[in-house]
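First to last, the protein sequences are chains S and R. Under this note's numbering, the letters of the first sequence match residues 1 to 584, in that order. Under this note's numbering, the letters of the second sequence match residues 1 to 190, in that order.
Quick caveat, the hints were computed from the structure, so don't treat them as lab data. Warning: the hint list may mix true and false statements.
[To be verified] Within a straight-line C-alpha distance of at most 30 Å, the following computed DSS-like cross-link-like pairs (lysine-lysine) qualify:
hint	chain 1	residue 1	chain 2	residue 2
1	R	K57	R	K85
2	S	K402	S	K358
3	S	K246	R	K121
4	S	K36	R	K57
5	R	K121	S	K244
6	S	K226	R	K121
7	S	K268	R	K121
8	R	K160	S	K31
9	R	K160	S	K327
10	S	K31	R	K86
Fair warning: this is a prediction, and the values are worked out from it, not measured in the lab.
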Amino acid sequence: MGSDRSLTTLSDLLIRQLSDELNDEDHARLKDWLAKDTEARQYYVEFMALNAQLRKQRVASVASETLDIDLSKDNSSDVPAFARWLGKTGQDETQTSEPSPERKDEIRRIAEQRLQAFLAEQDQIRRQQAIYQRYQATSPLKEGFYNLAERVYTTASWTLRNAVRLAALATVVLVGLAVIHHVLRHRVVATLDEVVHAQWDQPPAEPNLYPGPMFLKEGFARLTFKQGAVVILQAPCAFDLSSKNKMVLHYGTVTTQVPVQAHGFAIKTPQSTVTDFGTEFGVQVQASAAAEVHVFDGRVRLETASRPQQPSQKRDVTQGKAAVITKSGELNINSLRARPNLFVRDIPGPNAFGIPNKRLDLADIVGGGSGFGTGRRYAGIDPVTGLTVSTYRSEKRTGEKKYVDVPSLPFVDGVFVPLAQGGLMPISTAGHHFDFPPGGGDWYVEIAHGGKPDPQAFLTLDGQTYGTTDHPALLMHANVGITFNLDAIRESLTGSRIKRFTSVCGISNHVQKTKTPDAIVYVLVDGQVRFYRKIALPTVLAVNIRVDLREDERFLTLVCMAGTANYGDWTFFGVPALELEGER
Amino acid sequence: MAKSDDLSEQQFDRGSHFVNQLTACQHRIYAFILTLVPNWSDADDLMQETAEVMWRKFQDIGQINDFCAWGKTIARNKVMNFYAKKKRERILFDDSLLNDVVEREEKASLQAELRVRALHKCLQRLRSNDRHLIQVLYGHDITLRELAEEVKRPIQGLYKAMARIHHSLLQCVRRSLAIMEDHSWVPTDP
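Sequences are here, hints too, so could you generate the full structure?
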């Protein structure tokens, strides 16, 4: 069941059922459907919950009448905003709702006025047409010659008489245009609603924003355009505010929600124009001018810029699809599921670890995100198959002797389990290898965006809890390895430069109370060791890591191996970050 | 005179207390009734009867721990009596399915606040004509037939339009809930 069409049919039956307009045959059909189909029953329950919310105003009236007490007070902690919205449309909450005779008269009066105005306009048009037709009724040639002469004479004498007036009029028009231009340049086109860790090239002096260029250097900001579109900007972001319903995005990442009154909101990029037809989408433009458009809800029209030997293309991108425009202007449309979660859907809180153009969260990337909070906690990657899982689990498993890529996460180059007997093993798709010591082979837990609901019992080091929004954890229980594709990450950063990898690492404190694990941690860059530590207990609890990265370095590999035995080796990287720096 | 003044004040306080609690719970009780009796007219009548019984019983009971749950219990009894009177004609659920539906309704009601927020956003996203239809249907004491006459559309077309709008709203609420809720899977213990 589940197709949109069949659900709409179900919705039709339910509306009729609610209205007591369902005939016996359709009633039997609905009853049978609900009996056999669990999804239909779930849809039914949610449909009724929705309907009860919509009818809430009516319910208040019913109960009020019965009890002869006023239940329709606007208790602000209870009455939801949409009920107040319904109230604003003229519905008096304290009365049973019915269109009054006075209201009907008012509507009738307004309709009559409009009709009279329309008829008067039509009458005038008819009179003008009649004059024109009489004028055309004489001999065409003679008439034309005579009219031409008359027009020349009339124009010349009129111009002479009115030269001064014309000069004054021209001056007024020019001044008026200058005033209009000034007003347009200084009209408010948007307001700045909220910022999180935001730093600007030129900080706005007030929430009202005017047409012109802006540059968000770091963090997030949310704007609301005058016509209603809401835009979340992610740094680094260079853009122009054009009008109350249009912007230009030179590079950066934006997520947009467009209500009905703002349909037609447009974002112009170097290679395209994206026009919304409702209601939520994201646009990312990279420094190279390549771009992606993800449509979460509704539909957008994408028009690529025309280039030599490549005419402009117009495509509609619908919900659940992602359009990818390459540097050279080619356009491909894929499923959203095939792309990483590049866009925040709500502005993150102030304690989110990943901050655009400041630091990127590697645990968030393992969770399928962009590095700035769009990933899912507890999601992980199977180190043998490269497949992602929604929840990691602990169970002894054996590794296979290969390095596998992770197709669904383009920022992860690959994953692996070091060989039991040790030896040379590939650790990147570019052919880098590393000679591991013996001790690998078995593994227990997927490489994961770690954490647990009970923070007292898990992923703690030196008294600090990890696996939270402000202290994320990249869980890597021995024996596993992961390689990040730094070039792919750089592409998505729209201009930020990766400076270094920083983290703490260790074996979670909770294990050390009951077991005596030990582990080995490697950090490799393009196959070369840049950090190595054997973590032995009980004195060594947390280790700080800081590895500088050059622009030409492409692969960052993290490996955790068992020490003397793979027993309780709950190793993890806490606050694993790529520190960033962009244009300042 | 002083004694009757004291009683009046107590009654006033008790009444206010009842009003506050019923205001907070009435939509959940109504949602429960509507799920089991999916007919606006019947559900309104049952809500009325439930509110009456709640008011009568409330005056005799000292303390109620969970007002909403108590109200739903009374509502359920009313619904069962209603089923008995209808002699199972036009009842959508037999006994074996009823418990399943009640359980699903209970889970949905736990998300009531989130659903309200989601519905508010989704209503704003409707096209203006669709929102107008919803406003008229739910903002006025009006049947769909009367609405069809007021907006001058054939009744069958209005059913289809309403079905489409409600389906669109529900899909939007589902998507919004998925975004709003924390993805809090609980991993198995290592």
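Quiz item: Failing hints, ascending?
Solution: 2, 4 and 9
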